[in-house]
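K.L.:
Each protein sequence line maps, in turn, to chains A and B. Here the first sequence stands for residues 1 to 344, numbered as in this note's numbering. Here the second sequence stands for residues 1001 to 1344, numbered as in this note's numbering.
These aren't lab readings, by the way, just hints derived from the structure by calculation. Cβ coordinates follow ideal geometry from the N, Cα and C atoms, glycine included. One thing to keep in mind: the hints can contain errors.
[Said to hold, decoys possible] Each computed SDA-like pair below joins lysine to any residue, with the alpha-carbon atoms no more than 20 Å apart:
| no. | chain 1 | residue 1 | chain 2 | residue 2 |
| --- | --- | --- | --- | --- |
| 1 | B | 1194 | B | 1206 |
| 2 | B | 1238 | A | 32 |
| 3 | B | 1085 | B | 1045 |
| 4 | A | 20 | A | 34 |
| 5 | B | 1238 | A | 28 |
| 6 | B | 1194 | B | 1204 |
| 7 | A | 194 | B | 1264 |
| 8 | B | 1024 | A | 3 |
| 9 | A | 167 | B | 1288 |
| 10 | B | 1024 | A | 175 |
| 11 | B | 1259 | A | 288 |
| 12 | A | 238 | B | 1259 |
| 13 | A | 78 | A | 194 |
| 14 | B | 1194 | A | 288 |
| 15 | B | 1085 | B | 1059 |
| 16 | B | 1046 | B | 1071 |
| 17 | B | 1046 | B | 1032 |
| 18 | A | 194 | B | 1029 |
[Stated by the list, open to error] Chain A is nowhere near these chain B residues, computed Cβ spacing over 12 Å in every case:
| no. | residue |
| --- | --- |
| 19 | 1065 |
| 20 | 1074 |
| 21 | 1078 |
| 22 | 1084 |
| 23 | 1152 |
| 24 | 1161 |
| 25 | 1197 |
| 26 | 1199 |
| 27 | 1213 |
| 28 | 1260 |
| 29 | 1329 |
| 30 | 1335 |
Protein chains: 2
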Amino acid sequence: MVELRIILVGCGVVNLALLKIFLKHRERLIARFGLNPQVVAVADSKGVVVNEEGIDIAKVIKIKKNNRSVIEFNELGKIHHDVIKAIESVDAEVVIEAIPSNINDGEPSVTYIKSAFKHGKHAITTNKGSLALFMSPLLELARYNDVMFKFSGAVGGGTPMIDFAKKCLVGDDIISIRGILNGTTNYILTQMQKGIRFDRALQNAKRRGYVEVDPSIDIDGLDAACKLVILANVAMGKKVTLAQVKIRGIREVHEELIKEAGARGSTIRLVATARDDLRVAPEEICVNDPIAVDGVLNAVTFTSRYAGDQTIIGRGAGGTETASAILRDLLDIRAGMQILGGGE
Amino acid sequence: MVELRIILVGCGVVNLALLKIFLKHRERLIARFGLNPQVVAVADSKGVVVNEEGIDIAKVIKIKKNNRSVIEFNELGKIHHDVIKAIESVDAEVVIEAIPSNINDGEPSVTYIKSAFKHGKHAITTNKGSLALFMSPLLELARYNDVMFKFSGAVGGGTPMIDFAKKCLVGDDIISIRGILNGTTNYILTQMQKGIRFDRALQNAKRRGYVEVDPSIDIDGLDAACKLVILANVAMGKKVTLAQVKIRGIREVHEELIKEAGARGSTIRLVATARDDLRVAPEEICVNDPIAVDGVLNAVTFTSRYAGDQTIIGRGAGGTETASAILRDLLDIRAGMQILGGGE
Chain A
1 MVELRIILVG CGVVNLALLK IFLKHRERLI ARFGLNPQVV AVADSKGVVV
51 NEEGIDIAKV IKIKKNNRSV IEFNELGKIH HDVIKAIESV DAEVVIEAIP
101 SNINDGEPSV TYIKSAFKHG KHAITTNKGS LALFMSPLLE LARYNDVMFK
151 FSGAVGGGTP MIDFAKKCLV GDDIISIRGI LNGTTNYILT QMQKGIRFDR
201 ALQNAKRRGY VEVDPSIDID GLDAACKLVI LANVAMGKKV TLAQVKIRGI
251 REVHEELIKE AGARGSTIRL VATARDDLRV APEEICVNDP IAVDGVLNAV
301 TFTSRYAGDQ TIIGRGAGGT ETASAILRDL LDIRAGMQIL GGGE
Chain B
1001 MVELRIILVG CGVVNLALLK IFLKHRERLI ARFGLNPQVV AVADSKGVVV
1051 NEEGIDIAKV IKIKKNNRSV IEFNELGKIH HDVIKAIESV DAEVVIEAIP
1101 SNINDGEPSV TYIKSAFKHG KHAITTNKGS LALFMSPLLE LARYNDVMFK
1151 FSGAVGGGTP MIDFAKKCLV GDDIISIRGI LNGTTNYILT QMQKGIRFDR
1201 ALQNAKRRGY VEVDPSIDID GLDAACKLVI LANVAMGKKV TLAQVKIRGI
1251 REVHEELIKE AGARGSTIRL VATARDDLRV APEEICVNDP IAVDGVLNAV
1301 TFTSRYAGDQ TIIGRGAGGT ETASAILRDL LDIRAGMQIL GGGE
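So here's chain A without its partners, still in its complex pose (with noise of 0.2 Å):
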């Protein structure tokens, strides 16, 4: 059983949520699928802690659960504060980035993504912002440097609308995606179906934890173009990114508007579509709609040639869904690795 050494970067909930799977499923993860996950190196907000022996999971959990940082506990490893050096340092197959997006220029996650594929390390991010500013980059430099790029949880939470699109329409061409990809507005557009005003919705979805530090990036519809982008390229093979969206966000949607539309049968939603151009904005669909989801579900229509219309809906979020999908990425990468002949 060869393990696969895993440096993992942002200690989040979804990270969190992986390293519960690894410590709680080892034995089915041997078992089932010869995947043997040993992580090398744990980064969080303030520094790296490496152990090449692998580190303490069940303490890395303690600690995070205690908001403490990795790098105050120096039983678990060494300690850096060079998170980059450690990426290209570290013996490691395979790099998993979960720290939160940066939709103004991807960083540090584009950093940190291409240290790994220069240093031939294989990397998984869930990170929006990267992917929607560079993904065609990217996946050129993951390419030249002879690694695997992936990234399903970035789109969907766990609801793997990515993998949908790559595995199961083969043969196939899309033609279209129209879809709810932002879980907060429709909580609020759901809230306010009901009669809620705009402020109150925004601020039950806060209670919650449903809205991103910046509430504009999911209330002015960046969290939804971001996917969007993602979703074109890898079901659609566009290049196109995050600048290419026309964005209109929710805040120009009055109650009235959705009194109106529900009166015909009909309700509000932020809408993404990619065709020929890419555009996100609250539109009026009918309630019969497949994508006309309540709260914070996430669904997308996927328009293909021959099968038409599929739509798949989930939870868009959540941690130990996503991290589903990280380990689905791990499971493909190993995959990939033995095809290519056990690695480095």
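Following the hints, put chain B in place on chain A, whose structure we already have.
P.N.:
Chain B in isolation, oriented as in the chain A frame:
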């Protein structure tokens, strides 16, 4: 470019749609996927025509459009009456079988598939009957004969429910399945929701060509049960057959019941569920439930250990749609043959 030689069994709407794709998109199939399909035998209900140089597909499409049998046209190739003998003796890599399902004993589909396997041919079927009755032994026989057996089109038409379960939730465990797997009854129940009586709704469905030759297959839940068996075996690793499903159809669903459900924000649907047991029965479900689709749509929710609930919605039938599933299977087989070393 190696040709993939195909024996086509059944000449109904699905296989004809497949032939149209071969005819219209050959260049694309070759260029994009390296797939060069050559149909060397075509069987319809009257007999089979064989031409090892490749049958004139355009002519077959024309003949079937005029409701004639291929065996009336000896310019197509050599005419035989014994389909099984053709499957056994004609040089080909793949048998594609899409004849009407027989849920009593699976014949003649089962015999066709077995004949293919025993003579080293891969098989693709869209046949619910043979799979719901004999999936495990057929898969076993395929393994024993070292051939591939694919059936993406048997559930969901072009909607890749089987592919989704197999390819998109790797590393996860599907712990339950719940869905609308029969478009006909869903169409009837949707009509009844609008105040149309059962008899009239059934007539409407018949007029639109939605109903099986024996309407009981749809109405009494047998079709949905067959598909549930197939999904449960593939997605949950069960080894069940049709006999193990508790089945209740929609005959006893009265308008009153639907009206009452409507008043509660619910609707009545024929729901197929697999958890510990398998069951098909009319159920009251909330209109906000993602599987509460209208008309002939199909929908299925897979609940998995990590990724939570994932719903897929699509048209569960249709010639081109189902043909796209066969095409996926064909590309899967082609990829598998390359790994095995080129087939024969």
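K.L.:
The structure should be examined with respect to each hint, and the outcome stated for every one.
P.N.:
Now the hints, each set against the structure:
no., hint, result
1, 1194(B) <-> 1206(B), "holds (18 Å)"
2, 1238(B) <-> 32(A), "holds (16 Å)"
3, 1085(B) <-> 1045(B), "holds (15 Å)"
4, 20(A) <-> 34(A), "holds (18 Å)"
5, 1238(B) <-> 28(A), "holds (18 Å)"
6, 1194(B) <-> 1204(B), "holds (13 Å)"
7, 194(A) <-> 1264(B), "holds (16 Å)"
8, 1024(B) <-> 3(A), "violated (49 Å)"
9, 167(A) <-> 1288(B), "violated (28 Å)"
10, 1024(B) <-> 175(A), "holds (18 Å)"
11, 1259(B) <-> 288(A), "holds (18 Å)"
12, 238(A) <-> 1259(B), "violated (47 Å)"
13, 78(A) <-> 194(A), "violated (54 Å)"
14, 1194(B) <-> 288(A), "holds (14 Å)"
15, 1085(B) <-> 1059(B), "violated (24 Å)"
16, 1046(B) <-> 1071(B), "holds (7 Å)"
17, 1046(B) <-> 1032(B), "violated (36 Å)"
18, 194(A) <-> 1029(B), "violated (50 Å)"
19, 1065, "holds (20 Å)"
20, 1074, "holds (32 Å)"
21, 1078, "holds (31 Å)"
22, 1084, "holds (29 Å)"
23, 1152, "violated (9 Å)"
24, 1161, "violated (9 Å)"
25, 1197, "holds (22 Å)"
26, 1199, "holds (25 Å)"
27, 1213, "holds (24 Å)"
28, 1260, "holds (20 Å)"
29, 1329, "violated (9 Å)"
30, 1335, "violated (9 Å)"
Checked against the numbered hints above, the structure violates hints 8, 9, 12, 13, 15, 17, 18, 23, 24, 29, 30; every other hint is satisfied.
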